[in-house]
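Dock chain one against chain two, each of which comes alone in its own frame, and use the hints as you go.
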Amino acid sequence: MTGMATNRRKPVNADDARQYADWIVAVAATRDREAFSRLFAHFGPRVKAYMFRFGGTAENAEELAQEAMMQVWRKAHLFDPQKAAASTWIFTIARNLRIDRFRQRKHIEVDDADPTLIVDESPLADDIVNRDEHAVLIHAALQDLPPDQKLVVELSFFEECSHSEIAERLDIPLGTVKSRLRLALTKLRGGLEAVL
Amino acid sequence: MNIKHHPTDQTLMAYASGTLSQAMELIVATHMTLCPHCREKAASFEACGGAILESVDHMAMNDHSLDHVMAMIERESANENARFEELTPMRRVAVGPSITGDAIPSIPRPLANMLPDNILSLEDIPWRILAPGVKQFPLKNVQSKGSISLLKIAPGVSIPDHGHGGHEMTLLLKGSYIDDIGRFRAGDVADLDDHNDHQPIADTAEDCICLIATDAPLKFSGILPKLLQPFIRM
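First to last, the protein sequences are chains A and B. Numbered per our numbering, the first sequence spans residues 1 to 196. Numbered per our numbering, the second sequence spans residues 197 to 430.
There may be inaccurate statements among the hints.
[As the list claims (entries may be wrong)] In silico PhoX-like links for lysine-lysine, alpha-carbon gap of 20 Å or less: (1) A/Lys150 - A/Lys178; (2) A/Lys187 - A/Lys150; (3) B/Lys200 - B/Lys336; (4) A/Lys106 - A/Lys75; (5) B/Lys341 - A/Lys106; (6) B/Lys336 - A/Lys106.
By construction, these hints were calculated from the structure, which means they are not laboratory data.
The following block holds chain B by itself, in its conformation from the complex (with noise of 0.2 Å):
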């Protein structure tokens, strides 16, 4: 994967610090899922939340604290079954059921798991028509200050041109588009704040999937788009 568009590192440490809401998270955490490069820049600022929490205050325990935890610890470990002893030291890895069937899923997990459990692939999203050649299919379990929706916009179709009143971010799965900054293409972020006005067109012959994420509504301009607000939710 070729990836040229990323997370700011604004919005990185943002994540690291764990102060997104939890729809810029998802798609924070969705590209990173297919971009090395933002993961470890990630784990440096979350090894700077490492750093601050060494270096910054500390607040003394309550006298008995330590007591009291060790006696929940025995309370565990007398009930702690042969489930421990399974496991191998600094397993990497979570016990848990593990998704892998026969089927390598498309969809990153991060992103699958905010999904209904019927929808395995981009293929099976139940779209709704929002304007023509624009679908929608909005994530209604994801917290979010404005809105998240997965977008599905047909070749040649462009988005209202519009601004920003806060942060928006899209990751796009498939497809491409182009707009004043660049060439988008699967994997991309495209991380824009309040400065930046932009008219993206879906530019190939194929489908363009976006996952889009706002922390404030979209300002459009032009009275057509300013109609349709209502009924976009974003």
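Chain A with its partners taken away, still in its complex shape (with noise of 0.2 Å):
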């Protein structure tokens, strides 16, 4: 299809990442326009076609991701690169978009100001974890799956299907999609926890 082009060539790494956390710091710190202009052209054309794979044309998903973009902008004060990359706190404003637009609600989350919220003290909590070096690990184990498990989380995020619409689409029994799923899941598990 027009416009669509597969992006495997570099592997992500932690100083991509932290340039990357660096401008979001810099558009909250000074408003930064360059800075801008660059989170604009890696993360744009990536939310648009995260955009356009939850169906409508590509007209509409340009337009939700100029408006995720401008949220960026917006919402920068709000990113904390001790709790996030870059790539996440990207995505989950991609995600609460779309939820937004194509189901007309909230994406409901936890209030980091909640008075019941129950904080773990132990000191492995959040804090200590680089959060870019934790998201190069994180793609690294996405990577090291066997395509038939990576492809099977991928259309998780990346298109509103089911388990059984993934069955249908993948032309392969529901229990295999949920195998691989589990068997996907105790993967990343192993290499997210020698992080953790």
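Structure (structure tokens):
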């Protein structure tokens, strides 16, 4: 299809991840337009592809990608590099905008200021983890999955496919979808536990 | 809080990918407010989303896309008042009215936000009687593929033996119950799919209050529960 390209050329590395995070911080701190342009160049086409996969026209995907990038500008002050990598944060913005527009509702989230929030007091809690390196390890764990398992994970994230729709699409039994996903999650968790 | 039962990894991944029904999201977010372990897991699955965003397709933006967005930004910046200057960079908490009064609310915010404003604690819920020993309060403004309700179950009362045509998730908010899987206390989640049959029994001297969501009607075994089904609407 027009405008679509597959990008598997370059592994994500921690320096890139840190660079993206620094750009968001610069947008928040000094309303840095140059940093925003770079974020736009990198993430805009990815968010557009994400939106396109959920249906609608290329025009619609363009508009939603622009809106998501506007939110990156507006919400940059909420980005906390201790809590998430830039790609993770932008993914959640795109996800929430998609749910807002395609389903006319808000994605329900934990409120960090909730007085009932229970905080993990163990020293291994999230601040210790370097989020950029974490993101790179997750990326590597995903790349290491066997192709059939990786595809099921990608379809779960990037298209609004239920397990039975994935089964239909790939022409495999529902049980196979579930077992591939289970295997993939076990492997991912193994990969992540090395980090946590 | 000593939480023993959690949503499955599949459920946490679907939460992170944004493909759960809103009713299921509500249960996951309410549980995660009480469970740092699942918060961390969900954050890792969101990072998977970020990694896939980095590695899958991209689709070129239109020619003047950036110019267009920059123009919107300039217009907005002209109107940007002191609001932005007041904010320190990387602030964790969104600006907005704070709900903290003098009392600490006992209902986690994801759930509290979906209840009528006059309900500040589990004591305030205007229950209606569903069956002997079972009271219900349906959450009408939460989108669901099946149903979502708060249930209050009297000590010793059991919910009829049922299987699931689809996904059913229950979050315990008060008291406890026991079924074939184990004992569930406040904060625990029972995350069941169509393979599980169970018959929960409230097993302490205290009322058991739970939030229960289904993505499909439950299938009760036995004739009496079948007669009750249209009335229960779950």
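Here's how the hints hold up against the structure:
Straight-line distance between C-alpha atoms of A/Lys150 and A/Lys178 comes to about 13 Å, which keeps the hinted pair within the 20 Å bound. For a cut-off of 20 Å, the pair hint linking A/Lys187 to A/Lys150 stands: about 11 Å separates their Cα positions. At most 20 Å may separate the alpha-carbon atoms for a hinted pair to count; B/Lys200 and B/Lys336 exceed this at roughly 29 Å. At most 20 Å may separate the alpha-carbon atoms for a hinted pair to count; A/Lys106 and A/Lys75 meet this at roughly 16 Å.
Of the supplied pair hints, the one linking B/Lys341 and A/Lys106 holds, its CA atoms being roughly 16 Å apart against a limit of 20 Å. Proximity of B/Lys336 to A/Lys106 is assessed by CA-CA distance (about 15 Å); at most 20 Å being required, the pair is judged to hold.
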